[in-house]
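The primary structure of each chain is shown beneath.
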Amino acid sequence: MRIARLKVQTEKTLQDAVDLSLIDDLIKKYNGKKGNMIPLLQGTQAMYGYIPTLAFEKLAKETGLELSDMYGVATFYAQFRLAPVGKHVIKVCHGTACHVQNASKITESIQEALKVEDGGTTEDRMFTLESVACLGCCSLAPVMAINENTYGNLTGAEAVKIVKNIRISEKTQ
Amino acid sequence: MKKTKVIVGLGSCGIAAGANKTYEKIRQLKEFENLDFELKKTSCIGMCFREPLVEIIDETGSYIYGNVDEERVVEVLEKHVVNHEPIKELVVKTDLFETKDHSFFDGQVKIALRHCGYIDPESIEEYEAQQGYEAIKKIADEEIKPDAVINMILESGLRGRGGGGFPTGMKWRFAKNSVSKEKYIICNADEGDPGAFMDRSLLEGDPHAVLEGMLIGAYAIGATGGIIYCRAEYPLAIKRLNIAIEQARDQGYLGDHIMGIEGFCFDIYVKEGAGAFVCGEETALIASVEGERGMPRKRPPFPAVSGLWKKPTNINNVETWANIPWIINNGPKAYSKYGTAKSKGTKVFALAGKINNSGLVEVPMGITIRDIIFKLGGGIPDGKKFKAVQLGGPSGGCIPEYLADTIVDYDSVNATGAIMGSGGMVVLDEDTCMVDLAKFFLNFTQNESCGKCTFCRIGTMRMLEILERITEGKGKESDIETLEELAYQIKDNSLCGLGQTAPNPVLTTLKYFRDEYTAHIVEKKCPAKVCKNLLTYTIVEDKCTGCTVCAKNCPVNAITGERKQPHVIDQDLCIKCGDCYSRCKFDAITIS
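Top to bottom, those sequences are chains A and B.
Going by this note's numbering, the letters in the first sequence line up with residues 1 to 173, in that order.
Going by this note's numbering, the letters in the second sequence line up with residues 1001 to 1592, in that order.
Looking at chain A on its own, in the form it has when it is part of the complex:
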């Protein structure tokens, strides 16, 4: 299942203040190299968590890549995001093995606990909930990944507990 794409950028994203100098090194590294568009976009996203409009414009200006081409690529691949995401990205696996082990229950439980749509971000920008194709841990299905950690053999209740624990540890920090 491809990540439910976030709606086209809103006014708010346009005004999001981003420090564009963060991608200077990236541009220096890839400028002029063939096949550089995807690495440039990946690097930009790694820096901001998404690709801000202003970054698109800067990339176009400094590398000579066409804005329309970049937008075409960014909307083609599931990896790229055009809107900011929460601090923690919850990826619920909906691969075949997870599907037959009731992965939709995990998504539904988290949706309810966080009051967030699939593909959406909580109001406090703490969590983003996504459905992804396959995390490759089929033998531990159903599985979800939060940031770099993978959790297996879940039930809806356990998934919610993990998410709530993250929220608690965020609050105490």
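Hints may be right or wrong, so weigh each one.
To be verified - In silico SDA-like cross-links for lysine to any residue, where the CA-CA straight-line distance does not exceed 20 Å:
(1) 1239(B) / 149(A)
(2) 34(A) / 1295(B)
(3) 34(A) / 1583(B)
(4) 1041(B) / 149(A)
(5) 1452(B) / 68(A)
(6) 1576(B) / 87(A)
(7) 1552(B) / 68(A)
(8) 87(A) / 22(A)
(9) 105(A) / 1182(B)
(10) 105(A) / 1584(B)
(11) 1025(B) / 149(A)
(12) 1532(B) / 88(A)
(13) 34(A) / 1292(B)
(14) 1552(B) / 89(A)
(15) 33(A) / 1290(B)
(16) 34(A) / 1311(B)
(17) 1311(B) / 35(A)
(18) 33(A) / 1229(B)
(19) 105(A) / 1269(B)
(20) 161(A) / 1583(B)
(21) 105(A) / 1468(B)
(22) 115(A) / 1556(B)
(23) 1452(B) / 71(A)
In short, the hints are calculated from the structure, not lab data.
The hints should help you fit chain B onto chain A, whose structure is shown.
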């Protein structure tokens, strides 16, 4: 006396099961208790259902312990390492006595996975100690010519393990025969099939084998550059590949005039995929490496003639590459002695779904599906009935129970309407609804269709709409016919493998489980009790004790009743989430 070794399996699946914590605990104990053993890391041995796994090698032999979570570490170390008393009931694999899981390994032949779970994937020395880089040395020392290498691969009978099943040697020959100063080889590690994870495991467990395979391929076809196109969803695999590439460069296995072979200059780098299933298709993958939208193009020209940057390019899958060094080291005959007339060697399968022993198995071609599921896989959990097995992911199909004696080779599997695919084997039991499963796959391919061909772009959407309608109880009698018509149109009129195979899950379920479709359409029933809109939850008055657990937990407050009195479900409010059913301790809730 040799020092005792303690080895922790740290593949992605092991880590998900808590292997990092196990490793940390062992490290702390070793330090604080001043225990005398060598602590090492390895990757996945394939036994995902027993993760975390810890292997202890002492002077008597090797013992692999299963389910060693943080709490069990102390017990295992104390009894085995300190007191030299193996805990027999926790051992899952050893040559010294029969374990309860021995059937998982009996019948396996490990060629592609030969090092997975045995060596430290981040150490080139450990790979070298296991015949590593000896195949390329052999080629250099014995001055085996590129054509002779290709002949060896041809003779081994190795066919593309990514799903296509095209003879690898023949593919190499085409690329070799193309004349160009620059040529490329690509390792396709864009394992997008939901339900398949053998490539991830191989890259995490034995990255050098893949590199050496590519090195041999580069020598054979005369390639100048190599690319590993790996899914970004596999961060650990990417990390270990990059470590391996660095090490190989340091040791001179990559670079200029490799192994002293004049003019053999070759280097490899890793390219992260950006998440598009269609990029498993060769021409789409090439477009993606070039930084474009990953859309397939018409063939010919084939990549062997005009591929990456319009240069001759040879693409093979991870598992194919990993087999190459073994074939060179052991000779093509050693490989072709396994398998059937037209499918030689071994194949790795990822067992998942409703199966007891889920994990990775490598078996000789020609074994029956039933043997894989029941002998190696340990059968179906909870005494449920085996219904079907899904092979080949979204491009494949379902093989029903009565055809489970089909042997695994490319042609026999194709004859059932499924495909071998990359080796994902998802086992389904009586609780799986085949219509729902077909809908799941179609939803996947519909999302992943790149949009180039009309039939694939719109046809899959129409098919999905029909399937959605059927699972919601709004199916029409003509729907099955329309589905079939659309399916054949899409197959005939799509450019690439994605579209040509997208209808397979629907066609095979229609072929073998047509009665389930009619049950949904005519009787408005889901026999497997999966499709929500066709279910009704009711409370059996005699069995209900009035414990109020269901009522308290019902998310929409659809359940009412006095304490210690039978409860009732308000059907208008019920959202069919199944929460009450899973919570009731008295089996008082029925689904119909």
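We went through each hint and held it up to the structure:
Restraint check for residue 1239(B) and residue 149(A): the C-alpha separation of about 15 Å stays at or below 20 Å, so the hint holds. Note on residue 34(A) and residue 1295(B): the hinted pairing holds, with a Cα-Cα distance of about 18 Å set against a maximum of 20 Å. Between residue 34(A) and residue 1583(B) the CA atoms are separated by roughly 58 Å; this puts the pair beyond 20 Å, and the hint is violated. A C-alpha spacing of about 19 Å is found between residue 1041(B) and residue 149(A), which places the hinted pair at or below 20 Å, so the restraint holds.
Annotation: proposed proximity of residue 1452(B) to residue 68(A) holds, straight-line Cα distance about 18 Å (limit 20 Å). The straight-line distance between the Cα atoms of residue 1576(B) and residue 87(A) is roughly 33 Å, outside the 20 Å bound, and the hint therefore fails. A hinted pair counts as satisfied when its Cα atoms are at most 20 Å apart, and residue 1552(B) with residue 68(A) does not qualify at roughly 54 Å. Proximity of residue 87(A) to residue 22(A) is assessed by CA-CA distance (about 19 Å); at most 20 Å being required, the pair is judged to hold.
The hinted pair formed by residue 105(A) and residue 1182(B) fails the criterion: a straight-line CA distance of about 51 Å is larger than 20 Å. As the CA atoms of residue 105(A) and residue 1584(B) are separated by approximately 18 Å, the hinted pair is consistent with the 20 Å bound. For the hint linking residue 1025(B) to residue 149(A), the alpha-carbon distance of about 18 Å falls within 20 Å, and the restraint holds. Distance restraint check for residue 1532(B) and residue 88(A): the Cα-Cα separation of roughly 31 Å exceeds the 20 Å cut-off, and the hinted pair is therefore not satisfied.
Between residue 34(A) and residue 1292(B) the CA atoms are separated by roughly 11 Å; this keeps the pair inside 20 Å, and the hint holds. For the suggested pair residue 1552(B) and residue 89(A), the alpha carbons sit about 31 Å apart, so the restraint of at most 20 Å is broken. Under the criterion of a C-alpha separation no larger than 20 Å, the hint pairing residue 33(A) with residue 1290(B) is consistent with the structure, at around 10 Å. For the proposed pair residue 34(A) and residue 1311(B), the alpha carbon gap of about 14 Å is at most 20 Å, so the pair holds.
In summary, the hint linking residue 1311(B) to residue 35(A) is supported, as the alpha carbons are separated by about 14 Å, within the 20 Å threshold. Restraint check for residue 33(A) and residue 1229(B): satisfied, since their Cα atoms lie roughly 18 Å apart, inside the 20 Å limit. Taking the CA atoms of residue 105(A) and residue 1269(B), the gap is near 40 Å; set against the 20 Å cutoff, the hint is violated. As the CA atoms of residue 161(A) and residue 1583(B) are separated by approximately 18 Å, the hinted pair is consistent with the 20 Å bound.
With a CA separation close to 18 Å, the supplied pair residue 105(A) and residue 1468(B) stays within the 20 Å bound. At most 20 Å may separate the alpha-carbon atoms for a hinted pair to count; residue 115(A) and residue 1556(B) meet this at roughly 15 Å. For a cut-off of 20 Å, the pair hint linking residue 1452(B) to residue 71(A) stands: about 17 Å separates their Cα positions.
Going through the hint list in order, the structure does not satisfy hints 3, 6, 7, 9, 12, 14, 19.
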